[in-house]
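Engineer: Input sequences plus hints: build the corresponding full structure.
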Amino acid sequence: MFRDVAVSLDPTVSPDPTVLDGFLAAADAHPGRTAIADDGRSLSYAALRTRVRAVADRLGPGPGVVAVPAIHTPDTVAGLLGVWLAGGAYCPVDPAFPAARRQAMLTAAGCQIRLDPNLGGHGGAELAYILFTSGSTGEPKPVLTPQAAIGAAVRSVRELFGLTPADRVLQFASLSWDTCFEEILPTLTSGACLVFHPDAYAGSFPRLLRMLDRERVTVLNLPTAFWHELVGYLRESGQPLPASLRLVIVGGEPVRPARLADWHALPTGGRPRLLNTYGCTETTLITHAAELTAAGSGGSPAAGQVPIGRPLPHVVERLSAEGELLIGGPSLAAGYRGLPAATAARFVTVDSARFFRTGDRVRRLPDGSLVPAGRIDQELKVRGIRVDPAEVEAHIAAHPAVGAVAVTGVRVADHTVLAAYVIAAGPHTDPAGLPASIVDHLRGRVPAHLVPSRIRVVERLAYTATGKLDRRRIEETLA
Amino acid sequence: MTVDAVRDIFRRVLEPDASSVGPPGVGAPGIGADSDFFALGGDSLLATRVLSAVARECGVELTFDDLLRAPTPAGLAGTIARTIASVPR
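In order, the protein sequence lines correspond to chains A and B.
Heads up: the first sequence at position 353 corresponds to 353 in this note's numbering, and the numbers run straight through without jumps.
Heads up: the second sequence at position 79 corresponds to 79 in this note's numbering, and the numbers run straight through without jumps.
Simulated from the structure, these hints should not be mistaken for lab results.
Values in this document were obtained by computation on a predicted structure and should not be read as measured data.
Using N, Cα and C, we set each Cβ at its ideal position, and we do this for glycine too.
You may find that some hints are simply not true.
Label-pair restraints from in silico Cβ distances [unchecked claim]:
no. : chain 1 : residue 1 : chain 2 : residue 2 : range
1   : A       : Ala96     : B       : Ala81     : 25 to 33 angstroms
2   : B       : Ala85     : A       : Asp28     : 50 to 58 angstroms
3   : A       : Arg214    : B       : Arg56     : 16 to 24 angstroms
Structural biologist: Right, dumping it as structure tokens:
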């Protein structure tokens with residue numbers, strides 16, 4: 001599945017129509033169809049297009065980077081498409097984040113319409129959006145995604161999901177993460193219906209299942225960790241999956257073989273179709289997918305191998321000698337805004353083509369599909385969200401009563417939570433009150449997923465020969 | 001559902017796996033009637049387990065927001081009792 005790099009990046013190949021063009025074409029083709037269903041209310045393609053135009057008119061031409069509150073409403077979708085129609089770039093900001101974090105994001109994202117020329121590579125490409133990933137310095141890293149990247153990814157995803165105007169796709173993902181674009185953009189460029197409903201976010205499986213049935217949802221995209229919990233609930237309760245559901249997509253972290261076996265043992269058997277997906281914000285939506293059929297899908301779930309599958313048609317895949325997965329092709333981000341060193345470290349040139357170093361180690365199965373095999377660095381997945389422990393350490397180390405800190409992941413009830421081990425700054429610190437004080441300190445600075453669930457005050461921490469914290473040896477210091 | 005029954009659910013959900021690869025000594029601390037689920041290390045994902053267990057054991061379907069508003073065994077038992085009382089049987 002190796003595509004010719006030179007061909008796929010040839011600038012003389014005419015670019016894909018943009019996602020915005022795809023939406024406008026769908027609105028022309030299906031003006032009366034429902035574009036968005038929102039808890040009983042519905043918005044037609046024609047009405048959504050009117051709202052999109054109103055947003056663009058209000059912004060005026062060339063608004064640069066536009067911050068939009070990331071809340072689960074049709075207005076956010078109209079805002080996204082309206083920013084694009086005006087020629088701007090979209091930057092979602094979660095109102096639930098602390099004010100200091102939101103300010104840091106707005107500053108890091110800047111206010112410009114063109115990509116930074118000094119990032120190189122894709123100079124002059126129109127910027128579609130800016131999202132953030134965890135950065136080791138404690139500051140969020142702004143990822144610059146060009147229109148051409150999201151255009152290429154949306155086209156592959158639409159084909160992979162087999163979307164038609166008859167589909168009803170639930171909007172589940174947080175509007176701060178790029179998974180939401182996987183729900184919104186393929187849907188609204190297919191003439192299908194995007195479904196918003198408060199029961200999607202209520203945390204109650206009985207409510208979720210009833211809502212999916214009532215709203216006749218056909219496509220459901222879930223973080224793998226949440227899907228693991230759903231499978232556990234379905235098995236214990238004996239509740240059936242809604243008959244309308246034809247496709248379930250999971251992604252964000254490795255699928256647990258035991259949960260996959262539970263899924264296939266449900267009374268619904270091989271229905272609906274189940275896709276395991278893989279991707280990074282820097283490579284736009286998903287780059288790999290595997291059909292997880294009951295008959296086996298190339299991997300051997302019993303041996304702890306649930307594949308992430310093969311590259312999508314737009315993706316160039318490469319494995320380094322260490323087994324690290326490198327991604328090339330038109331869906332690469334332009335880099336991290338204002339961070340040339342971080343950009344150069346992760347966006348590399350191999351055989352004169354540009355690749356993103358994912359940091360994920362993979363193994364290739366005999367059939368060519370890939371299985372995840374851990375990280376080459378310390379990055380963790382917490383509820384499907386990438387967390388660099390060094391970012392959390394940087395924020396905790398800023399607490400005046402903290403002398404040293406190590407952050408790692410521990411498994412609680414089948415999933416990863418953050419645990420912090422801290423050494424008090426001096427003999428006068430009250431160790432009993434320190435964890436609560438650290439939590440208060442963090443809540444004012446970082447989003448909830450970066451606040452450790454467990455904080456423990458310790459006497460000493462392990463260091464490597466080069467003076468870096470040795471997270472692998474934390475156990476020894478606690479023994 | 002009694003406060004003790006809710007506390008048992010908290011304990012089951014927050015107990016680290018025996019197969020934990022993380023460091024020892026980070027087990028959930030003692031859980032009392034007034035212990036806050038989120039302060040004990042609970043998150044939105046673990047919350048789905050609490051809500052599913054409550055639904056299974058007493059038939060009351062609470063939401064994540066209910067747990068946010070009453071995150072202790074005593075508080076959640078109160079919410080459950082009020083929900084049962086408000087539903088005509």
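Engineer: Against this structure, judge whether each hint is valid.
Structural biologist: Going through the hints against the structure:
1. A:Ala96 to B:Ala81: 25 to 33 angstroms: holds (30 angstroms)
2. B:Ala85 to A:Asp28: 50 to 58 angstroms: holds (54 angstroms)
3. A:Arg214 to B:Arg56: 16 to 24 angstroms: holds (22 angstroms)
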